[in-house]
Every structure is written in structure tokens, then in C-alpha cells.
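Asker: Once you have looked at the hints, place chain V on chain G.
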Amino acid sequence: MSASPLIEVRDLERIYQMGEERVVALAGVSTEIAEGSFVAVMGPSGSGKSTFMNLIGCLDKPSAGSYRLKGQEVGVLGATELARTRNREIGFVFQQFNLLQRVDALGNVELPMIYAGIPVKERRARARAALERVGLADRMGHLPLQLSGGQQQRVAIARALVNQPACLLADEPTGALDSRTSLDIMALFQALNREGVTVIVVTHEAEVAAFASRVIRFRDGRIVSDVQQVPRDAAAALAEPAEAA
Amino acid sequence: MRLVDALLSSLGAIRAHALRSILTMLGIVIGVAAVIAMVAVGNGARERVNAQIQALGANLIIVIPGTVTQGGARLGTGNAATLTDADAAALRAEIPAVQASAPIVRGGVQVISGGSNWATSAVGVDQDYFVARDWLVERGRDFSEEESRRGGQVALLGQTVVRELFGGNDPIGAQVRVRNVPFDVIGVMTAKGQSMFGADQDDVILLPLQTARQRVVGTSRAKNRSVNQIMVKIREGEDLAAAEEEMKRLLRQRHRIQDGRDDDFSLRNMAEIQATREQSARTMAMLLLSVAGVSLVVGGIGIMNIMLVSVTERTKEIGLRMAVGARPLDVMGQFLIEATTIALIGGLIGIAIGIGIAIITAIQAGWPLLIDPIVVVTAFVFSGLVGIVSGFYPAFRAARLDPVEALRAA
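Here the protein sequences line up with chains G and V, keeping their order. Just so we're aligned, residue 1 is where the first sequence starts under my numbering, counting upward by one. Just so we're aligned, residue 1 is where the second sequence starts under my numbering, counting upward by one.
One chain only, chain G, in its complex shape (with noise of 0.2 Å):
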């Protein structure tokens, strides 16, 4: 590969200072991820996969190591330009969905786009692209507490794209779902994938795992296996007839 992958990370540490005790979160983790890959990032819970999200998505500074995004060094940005990284290059997806439940599917989708800048209008097309996009035509005008699990996820996914960042990252996004509603939302990342669409899913679930091209695992602080795969197709999996679990 002759250009800059996308993410570039180089001894990442991540350190915090809870009264005595230092925590050693991340402990010099060096690795890259192309553009366009659908990466899902495993490990159990204080294996410090939390900490690399926060740290990939802009949410956090590094305490030691270089991350590069798109080449530019992101641990010399302040609080104001991180935000407008996020806002730009970042599309998050939570396990809990974090819409604003007093708005309507739309105005969550236009959220990124206002503070972007941009105008109304564009917002508006922009955001119902975005919701047609992941199957929501017909729910723009509904609240959170209107819609489904599956379709709030939706709707939060439509969010995370509708500023068309470099990377989607999705901590634990079927977590609070049913398996069959979790399977549709993988076939959406995979199908956003096919389209370009860097992936990145935070889970600890072999299952989801099972569905992106690499594997990356955590365990203490480090990287302890990274492997490609042949993903599992999730379209093809909702088209067979249900298996007995």
C-alpha cells in the first residue's frame, strides 16, 4: 500500500492516575487499519478495547504514542479541533443508542449536521437521505420512544453517517438487541462496508465478530491476536429459515 492508511496507531499507551494507583489501560499498542476494512475489535471487559475506541474516535487523548488519523497527528489537538474531528471523521454508534429523546428521528439525524454548520435545508435532505439509506423512510417524523430497538439503532447509524466521516465506530451496537434484530444490523454495516464505508465494531461477542474481514483482540492493555477472516455473511444468515438456537 502506497498511500496513508487511515488509522495509524504507534506504541499507544493510556494511563490514569486514580488517586495512588496508576491504571495502566492501554499499554503500547501500534497497529493500522486501512480504509474501507470492517474491523471488529474483541476482548473482555478492562482489556482496554473501551480505551482504544475512545482513543480511535477522538474521545480521549493518548497518554503516550502517536495516533494518526488520515495522517494527522490527533494527541496535538485541543478540545475544540478534537470536536470538529469527531464531527467530521467519526461516526459513533452505542450499544444504548443516545438519542435525544425529545426529538424525532429526523432532528437525531441532523444533530451532527448542526453543529457542522450547516444550513436547514441541506440538513433536511441530507438527513432523510440518510435515514432512507438505512431503511427508515417511512419513521423520520417518530420519536425515540416510537421506535423499535432495531430502528432506534437505525436511526443512530443514520446519525453516524450523515457527515460521511471517514470511519464508522460502533461500541457494542447489538448489545441491547435481539439476536435477529442484531443480525439486520450487522447486514447494515456490512452492506455500508460493501460501499465503502470504513467499519469499526467494539463487541466482545464472537458472533458479531464473526461478520467483519479482521480480527483484532485485547487482552491487559495490548493487541493479542490480530487475524483476517472470511466474514460471515449476514444477509445470507437473515434469509435462511430461523434455526433452532
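Honestly, the hints are just simulated from the structure, not real lab data. Even glycine gets a Cβ: it sits at the ideal position worked out from N, Cα and C.
Okay, the calculated beta carbon distance ranges per label pair:
no.	chain 1	residue 1	chain 2	residue 2	range
1	V	N305	G	V227	48 to 58 Å
2	V	A281	G	G78	53 to 63 Å
3	G	R102	V	E405	21 to 31 Å
4	G	S63	V	R400	13 to 23 Å
5	G	G46	V	T312	20 to 30 Å
6	V	V4	G	V230	46 to 56 Å
Straight-line C-alpha distance at most 30 Å; calculated DSBU-like pairs for lysine-lysine:
no.	chain 1	residue 1	chain 2	residue 2
7	V	K316	G	K61
8	G	K121	V	K316
9	V	K316	G	K70
Answerer: Then chain V, alone, in the frame of chain G:
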């Protein structure tokens, strides 16, 4: 984040907690309502006092007899019979600034007309009285010079007396009796309303000075042609204080009072009474203003308190907003605008209530509705300032939240 979006977002947040928001506004509402109502009521009251003084005659000086010592006992002001018709005439003749100088005698009487009777005060006057008091005859005519001088048996009635004695009938041409002296009613005075001391100025029967003194009010004054008071009107544009000095000098000279001795009369002018009134109105205004001030401060603390609660409650929302790209400044702006919006809505409600109180008071008290737009705008701006000041710290705290921590919040 643009202002419109921030404003819409804050309105949404306020609506989501409607009751809480309204309770939070209460301090501001009360404070602003108090300011608006206070200023309007103060202005209305002052306007009325001014109107009353105008009705009485703004540049009026009243001369009343002073104290005299009788057998070692000092009698109260106004008891001495030291002022006379001649004093009144001299004031008019010798001081150019004097426009009218009206000698007055007065006393309580029972007025009888046919089967009905009414207790009122009889006032003996000459023609200067009408000039001095700016009081006109509504129907009929006033006293002719001859009637004034020779003591004709004619009377002018105030509106209250007309109502009490004649009901709806026209009194002109009728005869009334006062102390068994018959008087022809020749006219009815215009309505003058309440005096600023609350007395009904229309409850009066006006008689020619001579007649009143000799046959109605009492015989003791008749001997020396003394009067109860002299009402002096100073010409427009003349210096009231200078005229007062001149009057004092003239009266001292006429009463042969040696240097170093006290006056045997005293002067009252309306400006002094007005000043006293305004002073008490100002004191009242300061009191209400401090109530309003305290209320605004308490209101501000209330807003700060609720905004701090709101920031804590919405930590996760703040985290999410930060995750999708809200800069610290955006978060700060959002909460600052929310606090300011609450305060401004409170201010608007307060203005509405204040104007409502002012309207009700104006109708009840019967004075003009005077709402100063500058006060309204100032109150509105001030409530906005309270919002900004009290929202600042909570907004600052929200902006400084760590996105990772905030997202982890329940």
C-alpha cells in the same frame, strides 16, 4: 452551532420540563412584575398629585393667620384674626407678581332647600377666588361685583350639594336657606373632585364674602373684617420664592411687626406640599425597587440551581453532543442560552403581569395608565442579564465535562 439552532434546542429543553421551568422563572417574574407595576403606579400617583395641585392652582400661596398669645397661652395657627380684606387688597395692589388675592371665610352650615337639607361648608369669597382656584361656573353666572361688595343674597353650589339637595333637578333660580338667610342660587360650579387630602371639593356652597361673614359664618369676624385665609395666585413665570418674600415683608409692615419678632401669619405654598408628596413617593419607590432587586437575585440563584441540576441530569446528552461534534463552546452556549431563555420568558411574563397590575390599579384608582417603555425594555434586558450571569457557571461546568466520562453517565 448557530444561534437559531441553539435557541430552538433550548426551547425544546424548557418545554420538556415545563413545570420546573415555570417555577424557576417565578423569581424573575415577580421581580420584573414588581418593577413594571411599581413604576406605573408611582407615575400614576405622581400624575394625579400633579393634577390635583394643578386643580388647586400650582402657583398658589395660602396665607393663614399665625399664632397669637392670649393671656400667656399660645393659640394654634390659624386662630388669630389678624388677616383682613385690606391685607388681601394690599397684596393684590402692591405686589405686581400677584395675579389674584382672594380673602376667604369659611364655616360649617346646614343648607336647607324645600324639604331636604344638607350639611356642608359655606365659603365666603370675592371674584378673585375663581381666578385663584381656576374654578369656573358650569351653569348660571358668578357673583357680580356689586353682589360681592354689598353682600348680595346669592349662592353658587358645588356639584355634591346640587346632587344632595336637588337630585336631578336644575337648582338655578331656586332658593336655599343657610342659617335662616335665604339665598338665590345663581350658578353651579364645575366638578373639581377630591382634593389631594381626600376631601370632596364639590361639597361646598359659595357665598359673597360680605354676606357670609356678616350673616352666616359668624359675627365675631364681622367687626374687624377679618378672614380665615387669603389665597394668593402668583402670575405664571414669576418667581414663587421672591413673591413669598415680598408678601411677607408687606404683611409684616402692615401688621407693624418689629424686627426680631415672629410673623403673626404664615405662608403655605403648593410646591412644598408637592415636594413632600414626591419625597414619600420616592421612599415607596425605593422600597419596592429593593423588593424587586432581591426578587431578581433570588430568581437568578433559582436559575443557577436548576441549570446545575439540568447539567447533571443531562450529562449523557452532553456526552453524546460532544461525540457528534459539539465543541466546548457549543455546549457552553447551549446552556447559557437555555438559562437566558428561561430568564427572558420569565421577564416577558413579568412584564405582562406588571402591566396587568398597572392597568387594574389605574382603573381602580382612576388615574391615567402610564407605562414607561424604557422601564419595560430595561426590565427585559435586566432579566436577560440575570439569566446570563446565573447560567454562566453551570454552562461552564457542562462545557468542561470529559466526553468519555459524560457518555458513561447513566
